[in-house]
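Chains A and B, in that order, are what the protein sequence lines are.
Taking the working numbering, the leading residue of the first sequence gets 2, the next gets one more, and so forth.
Taking the working numbering, the leading residue of the second sequence gets 4, the next gets one more, and so forth.
Read the hints as simulated data drawn from the structure, not as lab findings.
Backbone N, C-alpha and C define an ideal beta-carbon position, used for all residues, glycine too.
Just so you know, not all the hints are guaranteed correct.
[To be verified] BS3-like mimics (lysine-lysine), calculated; alpha carbons at most 25 angstroms apart, straight line:
{"id": "1", "chain 1": "B", "residue 1": "58", "chain 2": "B", "residue 2": "21"}
{"id": "2", "chain 1": "B", "residue 1": "73", "chain 2": "B", "residue 2": "21"}
{"id": "3", "chain 1": "B", "residue 1": "58", "chain 2": "B", "residue 2": "73"}
{"id": "4", "chain 1": "B", "residue 1": "16", "chain 2": "A", "residue 2": "101"}
{"id": "5", "chain 1": "A", "residue 1": "101", "chain 2": "A", "residue 2": "57"}
{"id": "6", "chain 1": "A", "residue 1": "101", "chain 2": "B", "residue 2": "74"}
{"id": "7", "chain 1": "A", "residue 1": "3", "chain 2": "B", "residue 2": "60"}
{"id": "8", "chain 1": "A", "residue 1": "101", "chain 2": "B", "residue 2": "58"}
{"id": "9", "chain 1": "B", "residue 1": "73", "chain 2": "A", "residue 2": "101"}
{"id": "10", "chain 1": "A", "residue 1": "57", "chain 2": "A", "residue 2": "71"}
{"id": "11", "chain 1": "B", "residue 1": "56", "chain 2": "A", "residue 2": "43"}
{"id": "12", "chain 1": "A", "residue 1": "101", "chain 2": "B", "residue 2": "6"}
{"id": "13", "chain 1": "B", "residue 1": "56", "chain 2": "B", "residue 2": "73"}
{"id": "14", "chain 1": "A", "residue 1": "68", "chain 2": "B", "residue 2": "56"}
{"id": "15", "chain 1": "B", "residue 1": "73", "chain 2": "B", "residue 2": "60"}
{"id": "16", "chain 1": "A", "residue 1": "43", "chain 2": "B", "residue 2": "16"}
{"id": "17", "chain 1": "B", "residue 1": "73", "chain 2": "B", "residue 2": "6"}
{"id": "18", "chain 1": "A", "residue 1": "3", "chain 2": "A", "residue 2": "101"}
{"id": "19", "chain 1": "B", "residue 1": "74", "chain 2": "B", "residue 2": "56"}
{"id": "20", "chain 1": "A", "residue 1": "57", "chain 2": "A", "residue 2": "68"}
{"id": "21", "chain 1": "A", "residue 1": "43", "chain 2": "B", "residue 2": "74"}
[To be verified] Far from chain B, some chain A residues (derived; all Cβ distances over 10 angstroms):
{"id": "22", "residue": "54"}
{"id": "23", "residue": "82"}
{"id": "24", "residue": "107"}
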Amino acid sequence: QKEVEQDPGPLSVPEGAIVSLNCTYSNSAFQYFMWYRQYSRKGPELLMYTYSSGNKEDGRFTAQVDKSSKYISLFIRDSQPSDSATYLCAMRTIIQGAQKLVFGQGTRLTINP
Amino acid sequence: DVKVTQSSRYLVKRTGEKVFLECVQDMDHENMFWYRQDPGLGLRLIYFSYDVKMKEKGDIPEGYSVSREKKERFSLILESASTNQTSMYLCASKDSPRETQYFGPGTRLLVL
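Pulled out of the complex, with its shape left as it was, chain A reads as follows (with noise of 0.2 angstroms):
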């Protein structure tokens, strides 16, 4: 079982569609959670981060934390056809003493104009 599970998709939804990403995992040590966008052939950016439980919101942006349940989501308002690209979760835990950062497979999302 891997540590963190992404459903890859595709995903593809209308222009000003909600849409809603998730990832799971399986590691209780994980502490940050965070958000990457990867758009094609760059490298991926950081969107956002949160490090306790509850919601956090930044513009169109909101990224969940569950850790009762072990399940983070990131959620998208109003989504645009710029907002089409890669999704990416990640999660910081501490191995011997070294930080280290666990990906999820990335959720390919298209919005349709």
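Based on these hints, arrange chain B on the given structure of chain A.
Here is chain B on its own, set in the frame of chain A:
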């Protein structure tokens, strides 16, 4: 604005060749990372470095080595390239107390 650059966007090499991938960051970050990204497998950590001349193995170090002679530069070396090392290679850097890793644009390597 943090900038992480990688020496090549695309590389084609032959089996058995020695391959060097270079990464440079301009933000004086202590930590640097090399990942490979494959469909269905996501990003997997190859090696990381938390200081000059320091290196630590990641999840899949076999067949790779690294070099960090200067703080801003982290090199990934494929000693003898094999076809299963065909992949997208991503470099990242991070300031020590912070969580954010900044990624370069990636190098797409094809080993024939």
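Verification of the hints:
Distance restraint check for residue 58 of chain B and residue 21 of chain B: the Cα-Cα separation of roughly 20 angstroms lies within the 25 angstroms cut-off, and the hinted pair is therefore satisfied. The hinted pair formed by residue 73 of chain B and residue 21 of chain B meets the criterion: a straight-line CA distance of about 21 angstroms does not exceed 25 angstroms. Distance hint between residue 58 of chain B and residue 73 of chain B is fulfilled; the C-alpha atoms sit about 12 angstroms from each other, no more than 25 angstroms. For the hint pairing residue 16 of chain B with residue 101 of chain A, the CA-to-CA distance comes to about 30 angstroms; that exceeds 25 angstroms, so the pair is violated.
A threshold of 25 angstroms between alpha carbons decides the hint, and for residue 101 of chain A with residue 57 of chain A the separation of about 23 angstroms falls inside it, so the pair holds. Of the supplied pair hints, the one linking residue 101 of chain A and residue 74 of chain B holds, its CA atoms being roughly 20 angstroms apart against a limit of 25 angstroms. Annotation: proposed proximity of residue 3 of chain A to residue 60 of chain B holds, straight-line Cα distance about 19 angstroms (limit 25 angstroms). Taken as a hint, the residue 101 of chain A and residue 58 of chain B pair is honoured in the structure, with Cα atoms around 14 angstroms apart against an allowance of 25 angstroms.
For the hint linking residue 73 of chain B to residue 101 of chain A, the alpha-carbon distance of about 22 angstroms falls within 25 angstroms, and the restraint holds. Simply put, residue 57 of chain A and residue 71 of chain A have alpha-carbon atoms about 17 angstroms apart, close enough for the 25 angstroms limit, and the pair holds. With a C-alpha separation of about 28 angstroms, the suggested pairing of residue 56 of chain B with residue 43 of chain A is violated against the 25 angstroms cut-off. Taking the CA atoms of residue 101 of chain A and residue 6 of chain B, the gap is about 21 angstroms. The hint holds against a cut of 25 angstroms.
The suggested pairing of residue 56 of chain B with residue 73 of chain B holds, with an alpha-carbon distance near 8 angstroms, which does not exceed 25 angstroms. In summary, the hint linking residue 68 of chain A to residue 56 of chain B is not supported, as the alpha carbons are separated by about 37 angstroms, beyond the 25 angstroms threshold. Between the alpha carbons of residue 73 of chain B and residue 60 of chain B the distance comes to roughly 19 angstroms, so the proposed pair stays at or under 25 angstroms and holds. Distance check on the hinted pair: residue 43 of chain A and residue 16 of chain B sit about 21 angstroms apart at the alpha-carbon level, within 25 angstroms; holds.
Of the pairs offered as hints, the one joining residue 73 of chain B and residue 6 of chain B holds, with about 16 angstroms between alpha carbons and a cut-off of 25 angstroms not exceeded. Between residue 3 of chain A and residue 101 of chain A, the direct Cα distance comes to roughly 15 angstroms. Compliance with the 25 angstroms bound is thereby established for this hinted pair. Under the criterion of a C-alpha separation no larger than 25 angstroms, the hint pairing residue 74 of chain B with residue 56 of chain B is consistent with the structure, at around 9 angstroms. Taking the CA atoms of residue 57 of chain A and residue 68 of chain A, the gap is near 14 angstroms; set against the 25 angstroms cutoff, the hint holds.
Proposed proximity of residue 43 of chain A and residue 74 of chain B is supported: the alpha carbons are some 24 angstroms apart, at most 25 angstroms. Distance check on residue 54 of chain A: its Cβ is at least 17 angstroms (rounded) from any Cβ of chain B, clearing the 10 angstroms threshold; non-interface status holds. No Cβ of chain B comes within 10 angstroms of the Cβ of residue 82 of chain A; the nearest lies about 22 angstroms off, and the non-interface call holds. Listed as outside the interface, residue 107 of chain A is inconsistent with that label: its C-beta sits roughly 6 angstroms from the nearest C-beta of chain B, within the 10 angstroms cut-off.
Consistency with the previously given hints fails for numbers 4, 11, 14 and 24, ordered from lowest to highest.
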